[in-house]
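Construct the entire structure; sequences and hints are all you get.
Residue numbers (this note's numbering), protein chains in the order written: chain A, 31 to 457; chain B, 31 to 457.
Certain hints may be false.
The list makes no distinction among identical chains, and a pair is therefore deemed to hold if it is satisfied within one copy or across any two copies.
What the hints assert, rightly or not - Below are the EDC-like pairs computed for lysine to aspartate or glutamate, each with C-alpha atoms no more than 16 Å apart in a straight line:
id : residue 1 : residue 2
1  : LYS323    : ASP347
2  : LYS358    : GLU297
3  : LYS125    : ASP142
4  : LYS110    : GLU417
Simulated from the structure, these hints should not be mistaken for lab results.
Protein chains: 2
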Amino acid sequence: MNCLEDLLNDQLPTAEDQNKLQSIATGLIREIGLICKTEKIDANAVEVGSTSKNTNLKSSDIDIFITFSKSYPVALIEKKGLEIGHRILKNGTEKYAEHPYVSGYVDGVKVDVVPAFRIKEGERIVSTVDRTPLHTIYVNSRTNNKMVHDIRLLKIFLKKINVYGSEIAKSGFSGYLCELAIISFGSFDKFMEYSAKLKGKMIIPENCKTKFNEPVIIIDPVDPTRNAGAAVSEENLSKLKLAAKLYTSNRCDILFDTVPEVHHNRETTIKVFTVKKPDIIDDIIYPQAVRLKKKIFDILERSGFMPVSFELYVGNDIEILIEYLIEKLPDVKKHMGPPVESCESIKFIDSWRGNKRLMRGPYIIGQRIYVDARIMHTEMEQIVRDELTQEDIGKNLNSLKNDIKVLSGDKINDLQVTKNFYSKYLF
Amino acid sequence: MNCLEDLLNDQLPTAEDQNKLQSIATGLIREIGLICKTEKIDANAVEVGSTSKNTNLKSSDIDIFITFSKSYPVALIEKKGLEIGHRILKNGTEKYAEHPYVSGYVDGVKVDVVPAFRIKEGERIVSTVDRTPLHTIYVNSRTNNKMVHDIRLLKIFLKKINVYGSEIAKSGFSGYLCELAIISFGSFDKFMEYSAKLKGKMIIPENCKTKFNEPVIIIDPVDPTRNAGAAVSEENLSKLKLAAKLYTSNRCDILFDTVPEVHHNRETTIKVFTVKKPDIIDDIIYPQAVRLKKKIFDILERSGFMPVSFELYVGNDIEILIEYLIEKLPDVKKHMGPPVESCESIKFIDSWRGNKRLMRGPYIIGQRIYVDARIMHTEMEQIVRDELTQEDIGKNLNSLKNDIKVLSGDKINDLQVTKNFYSKYLF
Numbered sequence: 031m032n033c034l035e036d037l038l039n040d041q042l043p044t045a046e047d048q049n050k051l052q053s054i055a056t057g058l059i060r061e062i063g064l065i066c067k068t069e070k071i072d073a074n075a076v077e078v079g080s081t082s083k084n085t086n087l088k089s090s091d092i093d094i095f096i097t098f099s100k101s102y103p104v105a106l107i108e109k110k111g112l113e114i115g116h117r118i119l120k121n122g123t124e125k126y127a128e129h130p131y132v133s134g135y136v137d138g139v140k141v142d143v144v145p146a147f148r149i150k151e152g153e154r155i156v157s158t159v160d161r162t163p164l165h166t167i168y169v170n171s172r173t174n175n176k177m178v179h180d181i182r183l184l185k186i187f188l189k190k191i192n193v194y195g196s197e198i199a200k201s202g203f204s205g206y207l208c209e210l211a212i213i214s215f216g217s218f219d220k221f222m223e224y225s226a227k228l229k230g231k232m233i234i235p236e237n238c239k240t241k242f243n244e245p246v247i248i249i250d251p252v253d254p255t256r257n258a259g260a261a262v263s264e265e266n267l268s269k270l271k272l273a274a275k276l277y278t279s280n281r282c283d284i285l286f287d288t289v290p291e292v293h294h295n296r297e298t299t300i301k302v303f304t305v306k307k308p309d310i311i312d313d314i315i316y317p318q319a320v321r322l323k324k325k326i327f328d329i330l331e332r333s334g335f336m337p338v339s340f341e342l343y344v345g346n347d348i349e350i351l352i353e354y355l356i357e358k359l360p361d362v363k364k365h366m367g368p369p370v371e372s373c374e375s376i377k378f379i380d381s382w383r384g385n386k387r388l389m390r391g392p393y394i395i396g397q398r399i400y401v402d403a404r405i406m407h408t409e410m411e412q413i414v415r416d417e418l419t420q421e422d423i424g425k426n427l428n429s430l431k432n433d434i435k436v437l438s439g440d441k442i443n444d445l446q447v448t449k450n451f452y453s454k455y456l457f
Numbered sequence: 031m032n033c034l035e036d037l038l039n040d041q042l043p044t045a046e047d048q049n050k051l052q053s054i055a056t057g058l059i060r061e062i063g064l065i066c067k068t069e070k071i072d073a074n075a076v077e078v079g080s081t082s083k084n085t086n087l088k089s090s091d092i093d094i095f096i097t098f099s100k101s102y103p104v105a106l107i108e109k110k111g112l113e114i115g116h117r118i119l120k121n122g123t124e125k126y127a128e129h130p131y132v133s134g135y136v137d138g139v140k141v142d143v144v145p146a147f148r149i150k151e152g153e154r155i156v157s158t159v160d161r162t163p164l165h166t167i168y169v170n171s172r173t174n175n176k177m178v179h180d181i182r183l184l185k186i187f188l189k190k191i192n193v194y195g196s197e198i199a200k201s202g203f204s205g206y207l208c209e210l211a212i213i214s215f216g217s218f219d220k221f222m223e224y225s226a227k228l229k230g231k232m233i234i235p236e237n238c239k240t241k242f243n244e245p246v247i248i249i250d251p252v253d254p255t256r257n258a259g260a261a262v263s264e265e266n267l268s269k270l271k272l273a274a275k276l277y278t279s280n281r282c283d284i285l286f287d288t289v290p291e292v293h294h295n296r297e298t299t300i301k302v303f304t305v306k307k308p309d310i311i312d313d314i315i316y317p318q319a320v321r322l323k324k325k326i327f328d329i330l331e332r333s334g335f336m337p338v339s340f341e342l343y344v345g346n347d348i349e350i351l352i353e354y355l356i357e358k359l360p361d362v363k364k365h366m367g368p369p370v371e372s373c374e375s376i377k378f379i380d381s382w383r384g385n386k387r388l389m390r391g392p393y394i395i396g397q398r399i400y401v402d403a404r405i406m407h408t409e410m411e412q413i414v415r416d417e418l419t420q421e422d423i424g425k426n427l428n429s430l431k432n433d434i435k436v437l438s439g440d441k442i443n444d445l446q447v448t449k450n451f452y453s454k455y456l457f
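Okay, here's the thing in structure tokens:
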């Protein structure tokens, strides 16, 4: 654990931090309770998220759920949720997840007030957020102080190796997965030992039979039909396995190594395709960006540019870096004609006589006639633009195909995707 | 037949030509007969080859065989063959085929005097040349004046489309095959009609069952265990098929077309590997040159230079032209390491730390660790030289590997292989 000490000191909240968060949360819950009572709404306010389980790191948000009776229609809880949210969070702004909700600041701490339905363990949920209060109850009933400390440690560790966060662009481990991991294995070190030796998929509980097929399968104890680990990518599981191996082998020199000196003289061609990111949530735009990257890579591959690697970054812009070997396609392509013995052979020869594209031939190799013909589109950018018009990238990016810019040379130096590309390293 | 008239006029021998050849041959045969009689050697002199069958073209050689009794040992007939050859051909020089023989000039006509064993049809041959006198007997017994004319026409036609000659560098049709073709089909036009419609292998007699597997199977009537067409390449059969199609379709405009304008601006890289041809007969050196060409092409392919075409020419030098797309390999290569979960993963990382060849990484993709590493030998010429040292090209060229020169730019313009490459055309 020695390698993690510095990190712990940086990111563990102090007793004072925790007291402040607790007093804000308690105040808000009391306020919402009063409003519901006054207005005769059958709803409770509950604290959920990491602060409710004492597993939060420094600078954590507070999540307050207003859990309504299942007898209310969805439209009503959404309307009442926003109303109450605005009443208790002056200057709050509305945001959109499964339901709209209000997000604001209290004493410098970010607070989200989210409506949900109140359900009991085993009861059918109405919206996916309805489970969240049950997670708090489950985790609090299974953890002690040592385990809470180890959950925080695990979060810090996963952040350090860049696999923490379940949002789609990250595809890493959520805070709830960290809690389940420590509850299952009892301690950070035991979970590390397990991960260091793990072959193949991560399945928790170990040996459980499952219909899920993702790389990480962690059954949600409050709803066994759900894989709480579905969002984790294979690559991030690989990173955890390697990091755990390094940790249990006391190889923090590698685990916390800095990226080695960057070499730019790769003698390849590197270009960046970039387009402004539409103002749409990542869950929707990120998969389209991934598809655009794949299409560009495929076009370069089938056109003969020999792409070798790529990097995708989604910030204010979508930035797709492609590295490839053939800077300019040859003007000439060997074009296969019919077998000499076919009825088409003389037609083929006639069709190429006097053709301006003819570079050499027709000539015979083996049983067939060939010509070397001049190719018209040899410019990479034009080929990609032409072929992309035929491709379905997804609703939002389809309409932006014409806005894609292609950058190279000095113009790509300051892009985040370029930095990520050159500094690609273990974690 | 109209398209062939000019060719015929150029290459058909006149009555005067034929009389001259006949009188030279008769004189030589009489002289050898006298020598054998005087020296009590059991041998006859016979004229073989095209002049003996009246199927020769203008400027033909004369072939005289001295056929010895099978009771003599090989060493003796070789010794006596040279002796007699030198006696009748003043200033003759010795050459080497299956047996050594004497070649010289009589009245400006080239004459070869070759020893062989005398056999009857169906008897077992001792050396392969022993069959030759039987071919003369067979052809003369099956041809009339019209057929002899058509045989000459076929030879001229095959010469024109560049598939005449059974020597290994040509891999075309021999004169004897032309004779067998006309004997089988009766006339030039019938053989053209057959060839124009032929699908797949050429098998003569048609519908005969055969164990042979070459593209052209023409059973030797004087020795049915022999495929007289074994030397013909698939490509030359293809050329004959196409030419016959053009001839029977009256498309002499294509058949006798000249090579179209040559384009040199192919935007590819073209280099010529060249080495002095050792003073060894083509039968031995040509297959080694083909192997060298194939090895160079394979090395370029597996090293990533993307070769697309080649041309081989064997003259005073062996000239191998290779056209390829990647002029210079990138300095960097993606190098696959072990899966993260393997015991080797940390070793792999350690082995690359501080390694001067490391360009980027190690990094994780999917389940594995990779590095981008700098490659040392990126120069095509050096890679080929290094890898050729490991390759077996054949006895004679193996010892010349270090003498191979690599030419490019203006230095290749005047080479025959370069001319052949750019002017590659139907025939």
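**Asked** For the identical chains here, do LYS323 and ASP347 meet the 16 Å Cα criterion within one copy, between copies, both, or neither?
**Response** For LYS323 and ASP347, the Cα distance is within 16 Å only inside one copy (13 Å; across copies 51 Å).
**Request:** Could you place LYS358 and GLU297 in one of the four classes (within, between, both, neither) given a Cα distance threshold of 16 Å?
**Result:** So LYS358 and GLU297 pass the 16 Å test inside a copy (14 Å) and across (9 Å) alike.
**Request:** Have a look at LYS125 and ASP142 and pick one of within, between, both or neither, based on CA distance no larger than 16 Å.
**Result:** Answer is within: at 9 Å inside a copy they meet the 16 Å cutoff, but 101 Å across does not.
**Prompt:** Quick one: LYS110 to GLU417, C-alpha cut-off 16 Å, is that within a copy, between copies, both, or neither?
**Reply:** neither (49 Å within a copy, 77 Å between copies)
When each numbered hint is compared with the structure, a violation occurs for hint 4 only.
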